[in-house]
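All chains should be modelled from the sequences, with the hints used to inform the complete structure.
Number of protein chains: 2
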Amino acid sequence: MTQPTIVRTVAQMREHVRAWKAAGQRVALVPTMGALHEGHLTLIRLAQENADRVIASVFVNPKQFAPHEDFDAYPRGEAVDAEKLASVGCDLMFAPNASEMYAPGFSTLITVSGVSEPLEGAARPQFFGGVATVVAKLFIQSQADVAVFGEKDYQQLQVVKRMARDLDIPIEIIGAPTARAEDGLALSSRNAYLSAEERAAAVALPDAMKAAAQAVAAGSRVDEAEAIAVEALKAAGFRQVDYVEVREASDLSRLGPGPIGEAEGRILVAAWLGGTRLIDNMAVGQA
Amino acid sequence: MTQPTIVRTVAQMREHVRAWKAAGQRVALVPTMGALHEGHLTLIRLAQENADRVIASVFVNPKQFAPHEDFDAYPRGEAVDAEKLASVGCDLMFAPNASEMYAPGFSTLITVSGVSEPLEGAARPQFFGGVATVVAKLFIQSQADVAVFGEKDYQQLQVVKRMARDLDIPIEIIGAPTARAEDGLALSSRNAYLSAEERAAAVALPDAMKAAAQAVAAGSRVDEAEAIAVEALKAAGFRQVDYVEVREASDLSRLGPGPIGEAEGRILVAAWLGGTRLIDNMAVGQA
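Chains as they are written, first to last, in our numbering: chain W, 1 to 287; chain D, 1 to 287.
Hints may contain errors.
Each pair may be met inside one copy or between any two copies, as identical chains are not told apart.
[As the list claims (entries may be wrong)] No more than 30 Å apart at the CA atoms, straight line, and that leaves these computed lysine-lysine pairs for BS3-like:
#1 K84 with K234
#2 K161 with K210
#3 K210 with K234
#4 K63 with K161
#5 K21 with K161
#6 K21 with K234
#7 K63 with K84
Honestly, the hints are just simulated from the structure, not real lab data.
Now the structure itself:
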């Protein structure tokens with residue numbers, strides 16, 4: 001089992017990338033905040049299918065947490081992360097400290113209007129600015145040819161695609177299908193917060209989403225399908241539903257309230273089980 | 001006299017840059033909004049001293065004009081610009097249209113807090129966001145090794161330096177000393193708006209700035225030196241003085257009101273002669 005090389009500075013990462021590119025190799029980047037699980041490893045494998053070398057960045061980005069959010073509590077475990085990357089043959093782990101990413105006097109923010117604003121952006125107004133800024137930095141730092149993001153964070157994927165296109169960053173962005181447990185629950189670092197009882201109830205989230213998507217595909221009104229999913233979540237014990245919305249798949253503009261017609265849609269859900277907020281999403285369109 | 005090659009797409013520009021870099025050549029970029037004058041040509045010459053190949057971009061950026069500003073009236077003359085670039089041996093002119101720079105759905109904005117906020121930023125709140133965004137795009141599009149900006153737009157130079165450093169764009173940024181007419185007036189496209197009488201009075205601007213810089217160097221209080229410059233401008237017929245301020249040279253934080261001490265300063269001025277707003281700046285520090 002090859003250990004990934006761990007580098008902590010942009011200059012070190014660029015040295016590796018320069019050598020790889022000089023050898024004609026294609027380089028992929030998989031940005032993460034650590035706490036790696038099987039979902040992340042599927043991203044690394046997909047990156048390996050699309051490039052000769054794969055860098056995983058591990059950086060818990062302070063700029064995408066609001067003051068009241070769980071930045072300090074966010075799980076960290078670099079040694080375990082490095083082992084997991086080794087198990088799938090990842091070439092390089094880029095694990096900068098905060099001062100390497102944000103030098104004294106740092107004052108630049110990248111914002112993406114439109115696609116950043118609804119859903120997660122409405123609940124967390126600083127979030128996507130922090131994401132777009134750190135991801136642009138990682139793209140420019142690594143000069144990777146391709147980057148892989150999970151569809152689990154679907155809005156993030158669309159924000160990052162829009163940002164890279166708007167800034168002309170020469171990188172291909174691939175969305176990886178969400179890795180799921182056997183019962184259908186999307187894998188997430190935050191699932192660790194669920195009690196056994198909550199974990200059992202959590203399957204209602206993918207189930208409700210699938211039912212709504214099937215109804216829309218069969219020609220139901222979008223607003224009715226959304227309402228049915230909300231009811232199913234509440235019946236399963238979700239204490240609060242932040243949103244169940246069918247939106248256009250790339251710019252996340254609102255679809256409905258009537259039948260979806262020819263549009264390519266995405267159903268996106270955020271809901272609370274006890275103290276844990278779960279999100280998920282799924283493609284939806286006319287059958 | 002070699003004509004510069006004119007390209008209108010990012011893809012074409014990158015083809016040239018790729019060939020140059022493959023040949024081991026260093027590439028410089030000089031971003032302009034056209035209406036080229038001798039001041040711009042000194043930037044091209046400085047770029048030639050620092051690189052093997054020079055690209056001049058000519059793009060009147062709609063995003064750095066507010067709705068009431070002079071976007072439509074801003075002088076444009078591509079054929080004359082191309083001739084002037086030819087006269088100094090510039091290799092490539094990148095003259096994209098607005099849809100090449102801002103495709104439908106464009107929604108990304110780069111803002112730089114701190115250094116963007118006072119002076120020109122106070123008068124024109126959208127201005128430096130527009131500048132930082134288009135300049136980041138030009139840097140990323142061209143993948144130039146070095147870029148040259150005039151010190152005439154001193155705050156812009158500091159905003160661009162901060163943005164490039166914060167986003168880790170691998171480009172060296174060189175500030176070129178302001179080109180001046182024989183009497184000391186800084187060259188500017190907007191000087192064309194001055195009447196003969198106003199042009200004669202305009203020399204008071206560099207003179208007042210020099211007098212204030214000399215007073216500060218000799219140990220005068222910063223607030224007194226600024227006030228003397230304001231009075232000199234008014235006496236010379238400037239109808240309004242937007243600011244005369246001594247600030248720290250790189251982050252543009254306020255210096256004074258007492259003597260400047262050890263700080264490296266910059267005096268920056270904006271004032272109106274009739275309907276024309278002139279800006280200028282100069283280094284200032286203890287003698």
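So which of the earlier hints does this model not fit?
Of the numbered hints given earlier, those the structure breaks are 1, 6, listed in rising order.
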